[in-house]
Every structure is written in C-alpha cells, then in structure tokens.
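J.: Below are the chains, spelled out letter by letter.
There are 2 protein chains.
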Amino acid sequence: MVSVPELRIQCLCIDSNDPDRLARFWEAALGWRRTYEEPDEVVLEPRAGSPEDGVSPDLLFLRVPEHKQVKNRLHLDLRPADQAREVERLVSLGARRSSVGQPPDAPWEVMADPEGNEFCVLPPLPGGDG
Amino acid sequence: MVSVPELRIQCLCIDSNDPDRLARFWEAALGWRRTYEEPDEVVLEPRAGSPEDGVSPDLLFLRVPEHKQVKNRLHLDLRPADQAREVERLVSLGARRSSVGQPPDAPWEVMADPEGNEFCVLPPLPGGDG
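Top line first, the protein sequences correspond to chains A and B. When we follow our numbering, the leftmost residue of the first sequence carries the number 1, and every step to the right adds one. When we follow our numbering, the leftmost residue of the second sequence carries the number 1, and every step to the right adds one.
Just to be clear, a hint being listed does not mean it is correct.
Note that identical chains are pooled: a pair holds if it fits in a single copy or bridges any two copies.
[As the list claims (entries may be wrong)] Below are the DMTMM-like pairs computed for lysine to aspartate or glutamate, each with C-alpha atoms no more than 20 Å apart in a straight line:
#  : residue 1 : residue 2
1  : K71       : D40
2  : K68       : D18
3  : K71       : D18
4  : K68       : D40
5  : K71       : E118
6  : K68       : E118
7  : K68       : D20
8  : K71       : E115
9  : K68       : E41
10 : K71       : E41
11 : K71       : E45
Bear in mind the hints are in silico, worked out from the structure with no lab data behind them.
The shape of chain A in the complex, shown without the other chains (with noise of 0.2 Å):
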C-alpha cells in the first residue's frame, strides 16, 4: 500500500504592504470572497459553492514592512475565457502590464498586480471555455 501524505496546502501567502488594498485587487479579480479580515491579515476564499470552495489554496495577504526589491520566485498563472477582456479588466482594477523578459511573442501576457507581485495571463483553452 502507498502511503499518501496526510500534508496539504492550505494557502499561498502573500507578503503585503497594504494587505486590505492588495486583497481589494484580487477579490475583484477572482471574484473571491474575504472570510477574515484584521488590519495585518486579510484571507480570500473561492466563491462558496464553486469547485474550488474548501479545496483549492486560499489567498491570504500578511502586512509585511519591506517593499518587493526583486522579481519574485513565485508567481500565479491565470487562466482566462478571453485573454483580451481578462487583462483589459485586470488593468481596469490596478494591474499593469509587465516584463521579465518574455519573447516578444509569448502566447502569455506578464501582469504585475498592485504591489508589483508578477502573475501570468494564459491564453483560453484550446477550445476549451476557460
């Protein structure tokens, strides 16, 4: 019999300046709801009801003092319906456009998030509808 490790992972934290405006990004990006809230922690949960819903990691954003210095090591990959309006959106909210030195035809579009945290927009699917 193998032995399964009884190890998950609860959520990917993210160390935050300003927990309460970065998680205003992401709750609006996602459509995530925030479950707790103090003025050093803010916790982002999938939508109740939907498959990631006590399944995937939560999002939870720790006041930290220090600014990013470097790109960071990790980073999100998103998966969009339609790329455009996705990052269209994403901007709209307070992402930019980035580069980290991407081929200049890179099928993914380098994001960074309000406090400069990196992430990916992937393009759809192939016929898939996200």
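Starting from the structure of chain A, add chain B where the hints point.
T.: Relative to chain A, chain B alone:
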C-alpha cells in the same frame, strides 16, 4: 445578476535552478504526480481522483539562471495531520527548518525547500484530521 470573472488560477509557478530536483522534493512532500517534464520545466498535479485533482492549481517549476536572493514575497502554508511527524519527514526529504523572524513560540514551523523557498507547516486543524 452578479458577473463572475471567467478567470481561474491555473498554476503556481516556481522559479528554480534545478526544476527536476526541486519538483522531486515537492512531489514527495505532497504526494503529487509529475504530469509534464522537460529539462527546463516540470509540472506537478494533485493525486488523480483526489478532491484537488483538476481543481487546485498545479505546481510548475521553471528553470531560471538567477539564484534566490531575498525572502520570497509568496509562500505556501501546509496543513498536516501531525505537525512534528511531517516536519521530520520534510527534513528527511531535503527541507530545513528556517527563520524569518517568527516569534519563538509561533505555532507554525517555518521551513525552506531545497532551493531555500520558505514555507510553513501549520499546526493541525483543532479536532480535525488534517
């Protein structure tokens, strides 16, 4: 009607100097499976048939030339059934206990993976089984 963003988290990307080696650690740590493998890129997905399968973000290890320089802005919190046992197991897999200035009596254990990426092993859920 509230509009739900058609945008989901596809994967968490982790810059790595040795994707094969780093993925091997996380594969064993979480009991996930390797579903894509190139010299510069390795993908891990949750166990087939697990609640996370096809729902939780995959882990994607990407080769980069630069080394880790500062504390990561993003890190994973892991939820164990037995904290002490999992910490020992993770050490045996190549992780180490780490310090990022956490309080000495913090109930979570700060660790670093074989490339120094910080993560935490939380206490078990009260009354829960992980």
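J.: Now, for every hint given, state plainly whether the structure supports it.
T.: Here is what the structure says about each hint:
1. For the identical chains of this complex, K71 and D40 are inter-copy neighbours only, at 19 Å across copies versus 23 Å inside a copy, given an alpha-carbon limit of 20 Å.
2. When the C-alpha separation of K68 and D18 is checked against a cutoff of 20 Å, the pair qualifies only within one copy, where the shortest distance is 12 Å, while the shortest distance between copies is 24 Å.
3. In this assembly of identical chains, the alpha carbons of K71 and D18 lie at most 20 Å apart whether taken from the same copy (19 Å) or from different copies (18 Å).
4. Within a single copy, K68 and D40 get their C-alpha atoms as close as 17 Å, which meets the 20 Å cut-off; across copies the closest is 26 Å, which misses it.
5. Within a single copy, K71 and E118 get their C-alpha atoms as close as 7 Å, and across copies as close as 16 Å, so both meet the 20 Å cut-off.
6. For the homomeric pair K68 and E118, the shortest alpha-carbon distances inside one copy (11 Å) and between copies (16 Å) are both at most 20 Å.
7. For a Cα distance limit of 20 Å, the shortest separation of K68 from D20 inside one copy, 17 Å, qualifies, whereas the shortest one across copies, 28 Å, does not.
8. Both within a single protomer and between protomers do K71 and E115 lie at most 20 Å apart by alpha-carbon distance, with minima of 12 Å and 16 Å respectively.
9. For the identical chains of this complex, K68 and E41 are intra-copy neighbours only, at 17 Å inside a copy versus 26 Å across copies, given an alpha-carbon limit of 20 Å.
10. Taking the shortest alpha-carbon separations for K71 and E41, only the inter-copy value of 18 Å comes in at or below 20 Å, while the best intra-copy value is 23 Å.
11. In this assembly of identical chains, K71 and E45 lie within 20 Å of each other by CA distance neither inside one copy nor across copies; the values are 26 Å within and 25 Å between.
Hint compliance for this structure: hint 11 is the single one not met.
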